[in-house]
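Protein chains in written order, with our numbering: chain F, 1 to 301; chain H, 302 to 622; chain D, 623 to 1076.
Hints are supplied without guarantee of correctness; some may be wrong.
Said to hold, decoys possible - With a straight-line cut-off of 20 Å between C-alpha atoms, the simulated DMTMM-like cross-links for lysine to aspartate or glutamate are:
1. F:186 x D:1064
2. F:186 x F:172
3. D:644 x D:833
4. F:216 x D:833
If you are wondering where the hints come from, they were derived from the structure by calculation, not from laboratory data. For clarity, every value in this text was computed on a predicted model and none was experimentally measured.
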Amino acid sequence: MTQTIIWTIAILTLLGALLAVVLYVVAEKFKVEEDPRIDDVEKELPGANCGGCGQAGCRAFAQFCVESEDLDKCFCPVGGNDVMQKVASVLGREVAAKEPMVAVVRCNGTCENRPKTNEYGGYQSCRVKAALYSGDTGCSFGCLGCGDCVSVCQFGAITMDPATGLPVVDEEKCTACGACVKTCPKGVIELRNKGRRNMRVYVSCVNKDKGAVARKACKAACIGCSKCAKVCPFEAITVENNVAYIDYTKCKLCKKCVAECPTAAIHAVNFPVVKPKPEAAPCHPERSEGSVKPEVEKKEE
Amino acid sequence: MDKLIVSPSPHLHTKTSTKSLMRDVVIALIPAVVVSVLFYGWSELLVLGVSVASCLLLEYLITKYLLKTSCTLGDWSAVITGVLLALNLPATTPWWVVFIGAVVAIGIAKMTFGGLGQNLFNPALVGRVFLLISFPTYMTDWAKPQGFITNSIVDAYSGATPLGIAKGLGPQGVEAMDYLNMLFLNIGGSAGELSAIALLLGFAYLLIRKVIKPYITLSIIGTVAVFSGIFYLANPAEYTDPLFNILSGGLLLGAIFMATDYVTSPMSKWGGVVFGVGIGVITMLIRYFGAYPEGVSFAILIMNSVVPLLNKWFHTKKYGR
Amino acid sequence: MMKTFSIGGIHPSDKKISKDCKIEVLPVPSKVFISVAQHLGAPATPVVKAGDQVKVGQVIAEPAGFISAYVHSSVSGTVKSVGPRKDIAGNNVVHIEIDVEGDEWVEGVDLSDTLVTEIPQDNKAILDKIKMCGVVGLGGATFPAHVKLCPPPGKKADCLILNGAECEPYLTSDYRIMLERSKEIVIGAAIMKQVLGGCPAVIGIEENKPEAIKAMKAALAELQAAAKGYEGISVMSLKKKYPQGGEKQLIDAVMKRQVKSMGLPIDVGAVVQNVATSLAVYEAVQKNKPLITNTLTVTGDCLPLEKQHNYLFRIGMPLSYIAEYAGGVPEEAAKIISGGPMMGKAIANLDATTVKGSSSLLYLTAEQTVRGVESACIRCGKCAEACPMGLEPFLLQKYARNSMMDELEENAIQDCIECGCCLYSCPANIPLLDIIRIAKGDVIKIIRGRAIKN
């Protein structure tokens, strides 16, 4: 009896010691030398692993930051300037502040503006739909409405508005990681600067068809008439391929173009209303992108 | 014609749906159900009714209030589970035991895994095995209730299943049995084990309707035949013969209706064959050497657990590779 | 034992409603729009401009690359404009708009009905003619024919397979030309066989078309008796099973050889051409006639028999014009398909025009074509059973939804031929092919990218 106990203890102890040695040797042999600063940087990151920075995840981004010469090349869109400052201080380097961005849906092809010409009957995915054909409306450039951007957004910032059939970006939640921009097969979503007090002016259309064709497909289409470009005092607007584009780095938010646009394709959002109506209060973040606001704005002009 | 539909190819679609496949399985079970009701009477009807109704009810309640998904009763899969569970129980099982079996089958074995298509184990079998372990007295009470038709063979042997006899007395005990009778009308046992020919009718229907492929069923039966054949030839005094093993107990019910369940069987042909061989071997090991007289349920459940592995190992033959 | 391919396959439907309708010639409309992208590969470059006078058969667009093809005018008249127009998928493609005036052909085209059975000996001249006449594969992919007929150096054709399977339900255009133009098809086959170095040629036809098999055999026997160069051609009847007409499946059925993954048919010594392509080759080589016509079936369950048609159309005719001429779009039609119901394209825009590869206007009713609601996969394995490439669509779609590229490649998603058998046979209505098609494109891109790197 006693002998059994002694033997058991002896064998188990021996086995334990032996395995400990094996584990130690293996751990030594396969040890990966890593810069300890990578861990420190990673701790500062949001940990969303969204890939918005262009790296495979937060750890990869931390490594990228540590290894890169110039921190200005690295930017974590989710964490923003705060996080980048912290990263810079961890690494003992400097980083310039970047302007905050937000995703903007550049299509106003609501069910009303852009009537359906056929019925899509396949898998509800923009990619599948785009690979098949131009879409179920007359416009072959605009939003397809299957919500690939909604499913790809890790921050729940995009929802589909059932009334318009278009995605709506929640500016509070949007981190400008750019996942939706990459996903959208039609390139409808763009990252634009948040702008002074969140005020932005942009062309809500990407239709490259000629004016008449675009107008026929959608009432709110940019027809490439160049009126906005002519009226812009800051040369911020260019018209290329029958569609206008406002360079947000040059735009001074004067809204002259908004008044000029014959199809109301230029949207101005989050501007304070001059004569405020109760239902058109400016601070209504979840509805700020939709079609309602710009029309209100236009009435004011 | 209002607006033309546009969708990716193909533009035609088979008429076969999940619903029609499941309904076909229920239809294939009808002969076995009819035979069992005829010979076990009202009590069997009660077991069937309680089993099917509680399976449907549970699935409804779980999808509606727990998972909050759309109702899946229309796909007939809960009906199959209900019927199979009932056929796996003795006709004398009290209704509340049947209900507990349904709770385990639908509630635990099926819905906790995510419902149809996600469950690892055959729900009806999990229910049955749970009852077998929890309520062994009810589950092995093979007393013959009053049926709509009386049959001298059935009545004569009431009280024990052929496998029970074989376990107790060895092959000598089953010598008196007539295999032709077993083919048409088994003696004693759970409802679904009653008539081999009724089950084979269902098998033929499933094959004709192309609901299942025969290889899983055939490999189980083949394995049982070979395995018991070797033992029987080596020592006929100790081991029962192949034909007896195929016709008795729940082997046919299991091989035709439960091992072939889409969700819990391998997808590829060779995976299916290995799956069947495994069930056959485990069944015979339990029958010959285990404590229980019958081992089909356990065999199928054990092999269910290796299905993901079999799916990983066995793939279809690819073109040009 | 009837020959067929060895893996998978389905039999969706036996319907060939319009099979007894003779080919009718469609009158030329007042205006045509000829697309410059009627073939696989780079769109052709237009060589005419608004105001130019063109004749029938005149080159109006030239190839813009190795894999590209000439496009000819199908009418005579004045070029009205050259610019973007929507194709059947609603995408903008450059079309050449021509106002029709008269029907004047370019010089040198033999418009008579006489059969030219003598095969020219100069292979280079033949290939040149095929190229100059803009002949492309008419089996669906519209791959330029002359490219396929010039095996790359070091590779030799062991067998020319003529695809007369027409395994898609409803389509009857190949069937009709096999009945009505059988001799021309055989001559085309003899020409291609000679170009390929005299390998044997097999004309594969599905068993559900006994009249076509009979007609082709008779034409072959007559030509073999009358002229030289027709040895080694045979007609083979094949089991009716979809996708028998798929290139890889046909090679398997006829030659018992399988093309390796990402490989070409010529790697196993096979060249596959459609019977309609063979007819186009005959017309190009023997008659100098460029590819500006093809046969198109107007059919569907919701059409009465007298409205079922097989038409000889010219490229550039608006589909709406053909539909109107045939008696209008039936009220019950919920979907119009260009091509067969398994692999054809749903038409989003009926104002689009016919192209070289157009083969049908197929009207399907809502009952026939609307997909059921997707439900959970029950792992029945019917998709894997049906897949003619031996793939496991249930697995691929799962990996694809999770963007697992390595697993997709391991499981050979790149071999998918998009035949639609999986989606057809899925009882749970899972959009297998929709998802797989996209992921396949991604995986092929990765493979190509890797090949360039190495």
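A quick look at each hint next to the structure:
1. Distance restraint check for residue 186 (chain F) and residue 1064 (chain D): the Cα-Cα separation of roughly 17 Å lies within the 20 Å cut-off, and the hinted pair is therefore satisfied.
2. For the hint linking residue 186 (chain F) to residue 172 (chain F), the alpha-carbon distance of about 25 Å lies beyond 20 Å, and the restraint is violated.
3. At most 20 Å may separate the alpha-carbon atoms for a hinted pair to count; residue 644 (chain D) and residue 833 (chain D) meet this at roughly 14 Å.
4. Of the supplied pair hints, the one linking residue 216 (chain F) and residue 833 (chain D) is violated, its CA atoms being roughly 51 Å apart against a limit of 20 Å.
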